[in-house]
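Colleague: The lines below spell out each chain.
Protein chains: 2
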Amino acid sequence: MNNAIWHTHRVNKSDRARQNGQRPFALWLTGLSGSGKSTLAGAIEDILYEQGCRCYLLDGDNVRHGLNRDLGFGDADRVENIRRIGEVSKLMLDAGLIVIAAFISPFRADRDMVRAMLEPTEFIELHLDVPLHVCEQRDPKGIYKKARAGEIRNFTGISSPYEAPLHPEISMNSATLTVEEEAMQVIGYLVERGYIKPLRDIPA
Amino acid sequence: MNNAIWHTHRVNKSDRARQNGQRPFALWLTGLSGSGKSTLAGAIEDILYEQGCRCYLLDGDNVRHGLNRDLGFGDADRVENIRRIGEVSKLMLDAGLIVIAAFISPFRADRDMVRAMLEPTEFIELHLDVPLHVCEQRDPKGIYKKARAGEIRNFTGISSPYEAPLHPEISMNSATLTVEEEAMQVIGYLVERGYIKPLRDIPA
Numbered sequence: 003m004n005n006a007i008w009h010t011h012r013v014n015k016s017d018r019a020r021q022n023g024q025r026p027f028a029l030w031l032t033g034l035s036g037s038g039k040s041t042l043a044g045a046i047e048d049i050l051y052e053q054g055c056r057c058y059l060l061d062g063d064n065v066r067h068g069l070n071r072d073l074g075f076g077d078a079d080r081v082e083n084i085r086r087i088g089e090v091s092k093l094m095l096d097a098g099l100i101v102i103a104a105f106i107s108p109f110r111a112d113r114d115m116v117r118a119m120l121e122p123t124e125f126i127e128l129h130l131d132v133p134l135h136v137c138e139q140r141d142p143k144g145i146y147k148k149a150r151a152g153e154i155r156n157f158t159g160i161s162s163p164y165e166a167p168l169h170p171e172i173s174m175n176s177a178t179l180t181v182e183e184e185a186m187q188v189i190g191y192l193v194e195r196g197y198i199k200p201l202r203d204i205p206a
Numbered sequence: 003m004n005n006a007i008w009h010t011h012r013v014n015k016s017d018r019a020r021q022n023g024q025r026p027f028a029l030w031l032t033g034l035s036g037s038g039k040s041t042l043a044g045a046i047e048d049i050l051y052e053q054g055c056r057c058y059l060l061d062g063d064n065v066r067h068g069l070n071r072d073l074g075f076g077d078a079d080r081v082e083n084i085r086r087i088g089e090v091s092k093l094m095l096d097a098g099l100i101v102i103a104a105f106i107s108p109f110r111a112d113r114d115m116v117r118a119m120l121e122p123t124e125f126i127e128l129h130l131d132v133p134l135h136v137c138e139q140r141d142p143k144g145i146y147k148k149a150r151a152g153e154i155r156n157f158t159g160i161s162s163p164y165e166a167p168l169h170p171e172i173s174m175n176s177a178t179l180t181v182e183e184e185a186m187q188v189i190g191y192l193v194e195r196g197y198i199k200p201l202r203d204i205p206a
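Note that the protein sequences, when read in sequence, are chains A and B. Throughout the first sequence, residue numbering follows the numbering used here, covering 3 to 206 in sequence. Throughout the second sequence, residue numbering follows the numbering used here, covering 3 to 206 in sequence.
The shape of chain A in the complex, shown without the other chains (with noise of 0.2 Å):
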């Protein structure tokens, strides 16, 4: 073993961006319960990563239960939990990869500290904007007609406020769409702005 491995520069978040053949960014999700956050990030993850992207979705699933299960619903906690989020979608970006969060997170002022934590063209906000009474009519886990029952406190769209992006990178307010032509206009825009490399063909 030569000694070229030795005292070069200190590995690098560019590195680790090379190594992985890359650019990283995180693509922020945010949208009422109900409007498809988690589908269409679960569509994009999959489509990224056939095309040798290195990415990772975090959402609630992967983080409530584990790094943020400290953390409750009121709003000193909302705001700390977004922060968490977005911290560690900063590290995971300086490592080289590319971050998918998929998050109600409700308060834009939340939303802006996560984008003012990176670069500047590092946070893509998507807009989920799909109206609240098509969110309400899905409710696949029958979570809204808890919220109007009064049986769960602060649901955003219910009892809590939803404050829309004002300038998102991308909004969808179709409600018409598939998740598939939905994945595909983000993947546009993606490749579009130089964030990923034009899609290969996938041999079925």
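What the hints contain is simulated information worked out from the structure, not anything from laboratory work. Any given hint could be a false lead.
Identical chains blur together in the list; that is why a pair holds if it fits in one copy or across any two.
[Stated by the list, open to error] Using 20 Å as the maximum straight-line C-alpha spacing, the simulated EDC-like pairs for lysine to aspartate or glutamate come out as follows:
1) Lys15 to Asp48
2) Lys15 to Asp63
3) Lys15 to Asp131
4) Lys15 to Glu52
5) Lys199 to Asp79
6) Lys199 to Asp72
7) Lys199 to Asp131
8) Lys199 to Asp63
9) Lys143 to Asp61
10) Lys199 to Glu183
11) Lys143 to Asp17
12) Lys148 to Glu138
13) Lys15 to Glu182
14) Lys147 to Asp17
15) Lys148 to Glu184
16) Lys148 to Glu183
Given chain A, put chain B in place with the hints provided.
Modeller: Okay, now just chain B, sitting in the frame of chain A:
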């Protein structure tokens, strides 16, 4: 674009590890201030990077000023500090990365908490067992001097205990090895146990 990318199974931990061609694990360096954790961690990171491994080094520099900026040095906050680092490590392993963590982490219970978060063979505890008087002699930042003068409270080894691991996977009890020798011992362990492939020569 064909349909093969749609509705495959959801990308999981194994997929991400396979994409990176590696087996994720957390190498956890514990030891007194001045025991050489950061230097050794950096040397190991360099080698793994050059070998094509996707790894990330967590240490005070990237955690204390970000994710854990709200934490102090009292007992409860020190536990929470390590807990969050453990949870972030878990997420990064899930993302297919190898994590190197370098923290004094003086309490056995805290390190065992992190071990318990991960799969049985994913946590590799590396004890830099450098005697206090050696660390204190080095004292590159003059912090032992300050601690002796009572200017720093709860300083590990002086005014707060260091609980050495009882059964660390790796222990280096020599203060005489060079960092290169230490790093190669660690690499040897990782290769022998099948965590990483045997080193390939890097062109000079």
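Colleague: Going through the numbered hints above, which ones does this structure break? Give me the numbers in ascending order.
Modeller: 3, 5, 6, 7, 8, 11, 13, 14, 15 and 16
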